[in-house]
Amino acid sequence: MDNRAPRPAVPAPRGRRRKGPNRFTPGLLGSYALVLVYALTLVLPLYWLFISAFKSQLDAVDAPFAPTFSSGFDNLTRVWDLLNLGDAMVNSLYITAASLVVTLVIAIPAAYALARSQGRIATLFERIYAMGFLIPGFAALVPTLLLAIQLGMFHTREFMILYLPASAQPLAVILLTQFMRTVPQELEESATIDGAGRFRVLRSIYLPLTMPGIATISILNFISFWNDYLYTLVIVGPNAKVRTLQVALPTLQGNQGITDYALVCAGTLISVLPVFLVYAVLNRRMENALVQGALKG
Amino acid sequence: MIRFSSTPLRLAALLTTAAIAAGALTACSGDDAAETDNQTLTILSSFTTGNATGDHFNKIAKDFTAQTGIQVDVEEANTNDIANTYEASKLADEERDLVILNLTPDTTDWLPQGQVVDVKKYMDEWGVTDKVVPEALKYWTQDQGVAGFPYTGFNWPIWYNMDLLKQAGVTQVPATVDDLIAAATKLRAAKIPPMVLGGAEWPVQNFITWMVQQFVKPDEAQQIFSKGGYCASPGAVQGLDLLGKLRDSGVFVDNVQGYTADQMTSAYFSGKAAMMPSGSWSYTEAPPAIASATELAGFPVSPGGAYTKPTAFQGHSNGFFLSPNGEKKIASVEKFIKFMYDQPTLQGWVSEGSQIMSVKNDILGSVTSTQPLVVKGNEVSPKVDYLLLPDNYIPSGTDYTPAGSEFLGKKGQTGAEFCKTLDKLYQK
Chain L
1 MDNRAPRPAV PAPRGRRRKG PNRFTPGLLG SYALVLVYAL TLVLPLYWLF ISAFKSQLDA
61 VDAPFAPTFS SGFDNLTRVW DLLNLGDAMV NSLYITAASL VVTLVIAIPA AYALARSQGR
121 IATLFERIYA MGFLIPGFAA LVPTLLLAIQ LGMFHTREFM ILYLPASAQP LAVILLTQFM
181 RTVPQELEES ATIDGAGRFR VLRSIYLPLT MPGIATISIL NFISFWNDYL YTLVIVGPNA
241 KVRTLQVALP TLQGNQGITD YALVCAGTLI SVLPVFLVYA VLNRRMENAL VQGALKG
Chain E
1 MIRFSSTPLR LAALLTTAAI AAGALTACSG DDAAETDNQT LTILSSFTTG NATGDHFNKI
61 AKDFTAQTGI QVDVEEANTN DIANTYEASK LADEERDLVI LNLTPDTTDW LPQGQVVDVK
121 KYMDEWGVTD KVVPEALKYW TQDQGVAGFP YTGFNWPIWY NMDLLKQAGV TQVPATVDDL
181 IAAATKLRAA KIPPMVLGGA EWPVQNFITW MVQQFVKPDE AQQIFSKGGY CASPGAVQGL
241 DLLGKLRDSG VFVDNVQGYT ADQMTSAYFS GKAAMMPSGS WSYTEAPPAI ASATELAGFP
301 VSPGGAYTKP TAFQGHSNGF FLSPNGEKKI ASVEKFIKFM YDQPTLQGWV SEGSQIMSVK
361 NDILGSVTST QPLVVKGNEV SPKVDYLLLP DNYIPSGTDY TPAGSEFLGK KGQTGAEFCK
421 TLDKLYQK
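Here the protein sequences line up with chains L and E, keeping their order.
Residue 297 is where the first sequence ends in this note's numbering, and the numbering goes up by one at each step.
Residue 428 is where the second sequence ends in this note's numbering, and the numbering goes up by one at each step.
Hint data in this document are derived by calculation from the structure and do not stem from the laboratory.
Ideal Cβ placement from N, Cα and C applies to all residues, glycine included.
Watch out, some of these pointers could steer you wrong.
Going by beta-carbon spacing under 10 Å, a handful of chain E positions derived as facing chain L [unchecked claim]:
| hint | residue |
| --- | --- |
| 1 | Gln71 |
| 2 | Val74 |
| 3 | Ile82 |
Here are the in silico distance ranges between beta carbons for each label pair [unchecked claim]:
| hint | chain 1 | residue 1 | chain 2 | residue 2 | range |
| --- | --- | --- | --- | --- | --- |
| 4 | E | Lys309 | L | Val275 | 51 to 57 Å |
| 5 | L | Phe69 | E | Thr345 | 38 to 44 Å |
| 6 | E | Gln343 | L | Pro45 | 46 to 52 Å |
Model the full assembly from the supplied sequences, consistent with the hints where possible.
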């Protein structure tokens, strides 16, 4: 026996029925076209970079978008050996990872303090952090170089581990402060009543709730630190023992306009892999942060 | 319960810890170049691995170490950044002992500012002066002395792809500017891009001075390059007009003002341009098919101009700058320089490195390169008049490139207008 009650007919929403025949309006189609063009502008350079890494020098110029794979993996192995990219990769990872840790260790407590303080001094400090955005990176090169020399840290990677977090503080602190302000103060109050100290509150309440923000800061700074060229070249120098990937790769540019771009693309492909890896690990957190921002307006 | 743990975070933490640990382990092997003793020479080099010069130099450095026991620690840097790198290290008194680089407007300040050492007395004492061609010594000589040990040279003609020219019905290398314009017209009719030039980078600066010298003799050219005064020189304005005429007649490939030096070379090497002004540094890099189709000759004669033969440049490029730190271990430097100017080493640079050397022919003997274009390049000299190379005269910090790019992209602009832009560069 079929004891299922007959379902009442659900009328389609009026608006939907009316709009049905006109779903693909010219405006919508135009929007899709624009999105497609935008996506292509993002994907095409990556496609070109990828396929050029597997081509001969001439194919890279002669047939830039044809996936000829004429060199197989030769360019990758050759550039790895030529530039000793293994050591360069270790140096880049060392500087980037250590700088990132120092950045977060400083920025997280600073942001927590600023987010929970409401006095004039806190406001003043927040504005001082914000003023850091006003200093163009290039303008600070000479003073930074002089500082490295005075500290006896010229030609060392460790100076960069001090400098890069300092340069990243304005963005990191200001962004994290905004994230921490979204944490309900009641949570902190109840934890305090239960006997939690400041550090415990930061560790057990703020850190988990602001992980999307921390992931965002981590990705942005990882990319920035990883790709730094000018400061690393001038301060750390081109010695093969200490140079980073970004300092090693430009030596592929011939000194008189005779660069093998296929080899450059192979080196670049190797250099972007860690960035993709980090993004793959942290992207869900970062997307959450962006969605949070959208919802909270 | 709030937990601070998840797989991605653990992975990130693991990677971070591993990277820091790896770096810390290698930290001890960090920069020790500044603390080297007399048994180590440090060299900042624009000869980079992967290029003919860099590969050959690395081999020679190993030979030198095997022969003398002195280690050579070579640091390579991109040519565009090597001057900044050296100057920064000099500020810290941690500069490398020797620098391999050109004497260009980027480096002409080094000797006057005391950033490098006058090598005149060392050249005399070590017998280098007798080996170097007088023109090279003159080029490297400044008011304060000799800026460095001249080593490699170059010539800089026009490359003509005769296969492409013949496809367009042009059977001979253009002899005059009118021939060149006629050839470009035929090439365009045959859908073949005519002459490529690195309009966005340094080639345009040299090409401007090339055109100016079509109507200006060396003495006046030296004055103009040093102090400006383009508009006051009828010959210079005529030369700039010639550049405008080539532009408006379609001699250059489309959008030539956007081409970098690399793109210029790549376009010619891939058969996408029939002509190119480029130097001997590219001879060894040309693909075999392009090398065999290429004729090297001067820029065609300008009727009523300053020269009766086609024109080209020749010069003396890379040399060894000696730093104050290098002078502190002069005994090791002496061994190195003597090794580099030893006859077998010099001959090796020609036969294996395919370079043109700034030394006298009797030292090189009959040794030749196996590269066909290097051989063709050596045959250019009797057929051309060599122009004054501007690099040693244009003041440090003066760059024609942006103005030149703009001029190449501005059809109809005359030499009389362009000369004002160039003169402004000297009003600092």
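Note to self: Of the numbered hints stated earlier in the document, which are not met by this structure?
What the structure shows: As far as the earlier hints go, only 1 is violated by this structure.
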